[in-house]
Amino acid sequence: MSTAQSLEETLPLDGVQPRLPKLRLPNIEFPTKALYKLLVGLVFPFLLYLLWKTAAEQSWLPPQILPPPDFVWDSLKDLLATGELADHTLVSLKRVLWSMALGGGIGLAIGFAMGLSPTAKAYLYPSFSLFSQFPVIGWSPLMIIFFGIDEALKVSTITIAVIVPFAVATYKGIQNVPAKLLEVGRTYQFSFTQTLWHIALPAALPAIVGGVRQGGMQAWLALVFVELLASSEGLGYLLSYSRNLMQLDVVVVCMIVIGLVGLVFDLVLTRIEQHFNRWAPKGF
Amino acid sequence: MAGTKKFSLAKLDLRGLVLPALLLLIWQLVTQSGSVDTRIIVPPSAVLESGWNTLIGGELWEGLKASLFRDVSGFLLGALAGIGLGVLLGVSRFANDFLGPTFHGLKHISLFAWVPLLSAVFGRDDLAKIVFVAFSTLFPVVLATLEGVRGILKSQIEVAQVHGFNRWQTITRLVLPAASPQILSGLHLGLIYAWLATIGGEFILASTGEGLGFIVIRGRVSFHVDLIIVGMLFIGVTGLVFNHIATRIEARLLHWRGVRH
Amino acid sequence: MAHAGTLTINKLNKTYSVKGQSLKVLEDVSLSISPGEFISIVGTSGCGKSTLLRLIIGLENNYQGDLLLDGKPITGTSLDRGIVFQEHRLFPWLTVEQNVGLALQNSPLSEKEKRDSILEHIKLVGLAGFEKAYPHQLSGGMSQRVAIARGLVNRPEVLLLDEPFGALDAMTKYRLQNELQRIWETEGITMILVTHDVEEAVYLGDRVVVMEPRPGRIRRVVPVELERPRNRTALDFVRIKEDILSEFGIERETDTLAA
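Protein chains in written order, with this note's numbering: chain A, 1286 to 1569; chain B, 78 to 338; chain C, 65 to 323.
It is possible that part of the hints are untrue.
So the derived list for chain C, only partly shown, Cβ under 10 angstroms to chain A, looks like this [as the list claims (entries may be wrong)]: (1) Gly122; (2) Leu123; (3) Asn126; (4) Tyr127; (5) Gly129; (6) Glu151; (7) Leu154; (8) Phe155; (9) Leu158; (10) His200; (11) Asn218; (12) Pro277; (13) Pro279.
DSS-like mimics (lysine-lysine), calculated; alpha carbons at most 25 angstroms apart, straight line [stated by the list, open to error]: (14) B:Lys184 x A:Lys1379; (15) C:Lys196 x A:Lys1465; (16) B:Lys184 x A:Lys1338.
Now the in silico label distances, taken between C-beta atoms and shown as ranges [claimed, not checked]: (17) A:Thr1404 x B:His321: 24 to 32 angstroms; (18) C:Asp233 x A:Ala1319: 34 to 42 angstroms; (19) A:Ile1391 x C:Asn170: 54 to 62 angstroms; (20) A:Trp1337 x B:Gly228: 32 to 40 angstroms; (21) A:Thr1404 x B:Leu330: 34 to 42 angstroms; (22) B:Phe242 x A:Leu1382: 47 to 55 angstroms.
If you're looking for bench data, these hints aren't it; they were derived computationally from the structure. Where is the CB? At the ideal position from N, CA and C, for every residue including glycine.
Construct all of the structure, not just a fragment, from the sequences and the given hints.
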């Protein structure tokens, strides 16, 4: 969060000549500190890695349960080379993105309806509240009965997972539009559409984007679950399949990729959220 | 606001019941119309009957007990470890530099991705499931505790220093109470995740034995949709009860914050 | 120059209903405001001065009595009446010129006329050069000036100001009071200022309306027949100020005998 710099304070005073900036030495403190943090942070994983390597070499646990680190590295290279990893990752990503679009649309619609219309809220909110408290994954057995185990199952399950965070964030965002700003609209004769477009939406946008981020997280969670449960493609499937074959090296590779995708998702969405939060109504 | 509100039927907004009632009605009518396979779209009456039977037969209660056992033991394990780790990371700069990056890296691995690994190491029985539930509780609790501890104002720490608190006292008398709103919020979230992990774990690691999740799975496998729905209902109600209890406890313990929250 | 409006308030009454109880906020308020006049309204909290303003701007309705602008009853908001709130209420996601332009959303002017009016009014409040700045880059005083520009850009017949300088520090307040006076003299429209600062009321107003609470009503109307710009330390200024303050139970300090 940047401190508000008053432009008044930066205006030059009359009659004072601006001075040349003084030569400054580069700040040597910064790189060293960051480097230090990086190194210290890596120590623990490194120790774990050493432990892992030793345990595998000394066969403290049978190699089926504990594959040596080199195996994992080789598996990773193989999977990348054959393109298998990329294929499965792509399948998973496509599912998530489709579901987020679908669930996002539905969630936004519900959130808007509840936020803008007290009547809609009276009818929808109790059912929605109940619905949101039921664990998403609980729907999957029923979905399997209805949809079988192909694509419709995955997309529907993930969509359900996405609807709730989207709807809640949108609803809260609209609700929290400051009444004082709405009054400004009234004094200028804003119609309902104008109020929505010029005031409510921009004011609610940071919250809605936060909802996208939450939705992304829930989507990824549901995806892995549903692919573990019943799928023939995707990262979750690969994970499950290799586990059944006791190929724990592949299991670990999958976990790493799943973690990385989750991380990237989160970083990108956080960045977007921060961008919109610059406008967060504070001190208006 | 303190005091009890007069319960007035007139004030109860019945419009919220319209949607569920409508859906129930459509459901019932559709099954009676004869245009669908009633083995798949089971009429509500069949669900009620099935539910009653499993209730009487004791299967439901046994399942509930078993699931709750896994849930609560995993939750307690994860919660204690979570608070401990969270306080450690928050209080000790060194621990944060040393362990922090690893933790923050691991937290991005989507929850259910841990199941295969855990099942390989711990087997497919209760132990694996309990460990999984503990895992699911751990992450939200650590993150919330960390946030709470970090948020403690420097001014409050100085008060403790001035009064000569030792490390242990600082932690128990200042850090934990001051961070309690976030910790409780984290525990609430952990509770939700724990139930999610309990049921999800039972779905993925289906084995013989008791459990609400198992009832649902068996229903699916034997195409007894009524059993599935009964199971889902119980799962949902249990989750609701958890949520409700957690909210009440949170409110009670945090009454010192005032009504604004 | 805008056309200044005549505001007529006749036996205005307003009652709120709180938890089944009725609360009378304004009782028999009557006031005639001439075109181009500057009226200051002072009173403590609860005297209904803000409610009065909200009724005039049209954010509150449901009143008994007459409330007329140029002979026509006031029902709801209109571009003929502008307001500056205590908080600047600028939209954080819009620039200064976009914020001012917001007021022209429903104006019948052409695009070119709108642009000219926006730039003219930004210049009027002394913020030329800051058109593209965002509210978070502005100080409190500057933000309030933008709010004033926004209130004037429609050239309303009457501008209402609800404790506009209440949230600012003393130095900025003095500066903006002078600005407001200059703008009023330039534009020539009717202005109604609500404040709890008696000195501000006397400094700016042609007349000072003193209100008292429970229920809100007009206690006295004090004319301020001093030349502008006024001298805050001049004896006759201070006399008027103390006269009004005495209504609130604050002791006089000046010698009441002729100097």
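Between Lys196 (chain C) and Lys1465 (chain A), is the straight-line Cα distance small enough, at 25 angstroms or below? 23 angstroms, holds
At a threshold of 10 angstroms, is the proposed contact between Asn218 (chain C) and chain A supported by beta-carbon distances? Nearest chain A Cβ about 8 angstroms off; hint holds.
Using Cβ atoms only, decide whether Phe155 (chain C) comes closer than 10 angstroms to chain A, and label the hint accordingly. 7 angstroms, holds
Interface hint for Pro277 (chain C), Cβ within 10 angstroms of any Cβ on chain A: Violated. Min distance 23 angstroms.
Going by Cβ atoms only, is Gly122 (chain C) closer than 10 angstroms to chain A? 8 angstroms, holds
How about His200 (chain C): closest beta carbon in chain A under 10 angstroms, or not? 5 angstroms, holds
Min Cβ distance, Pro279 (chain C) to chain A: is it shorter than 10 angstroms? Since chain A brings no Cβ nearer than about 24 angstroms to Pro279 (chain C), farther than 10 angstroms, the hint is violated.
Evaluate the given range 32 to 40 angstroms for the C-beta pair formed by Trp1337 (chain A) and Gly228 (chain B). 36 angstroms, holds
With a cut-off of 10 angstroms on the beta carbons, see whether Leu123 (chain C) makes it to chain A. 6 angstroms, holds
Should the hint that Asn126 (chain C) touches chain A count as held when the rule is a Cβ pair under 10 angstroms? 15 angstroms, violated
Go through the hint on Gly129 (chain C) and say holds or violated, using the shortest Cβ distance to chain A against 10 angstroms. Gly129 (chain C) check fails; min Cβ-Cβ to chain A is 22 angstroms, beyond 10 angstroms.
May I ask you to test the interface hint for Glu151 (chain C) with respect to chain A, counting a Cβ-Cβ separation under 10 angstroms as satisfied? Result: holds, 6 angstroms to nearest chain A Cβ.
Of the hints listed earlier, those the structure fails to meet are numbers 3, 4, 5, 12, 13, 19, in rising order.
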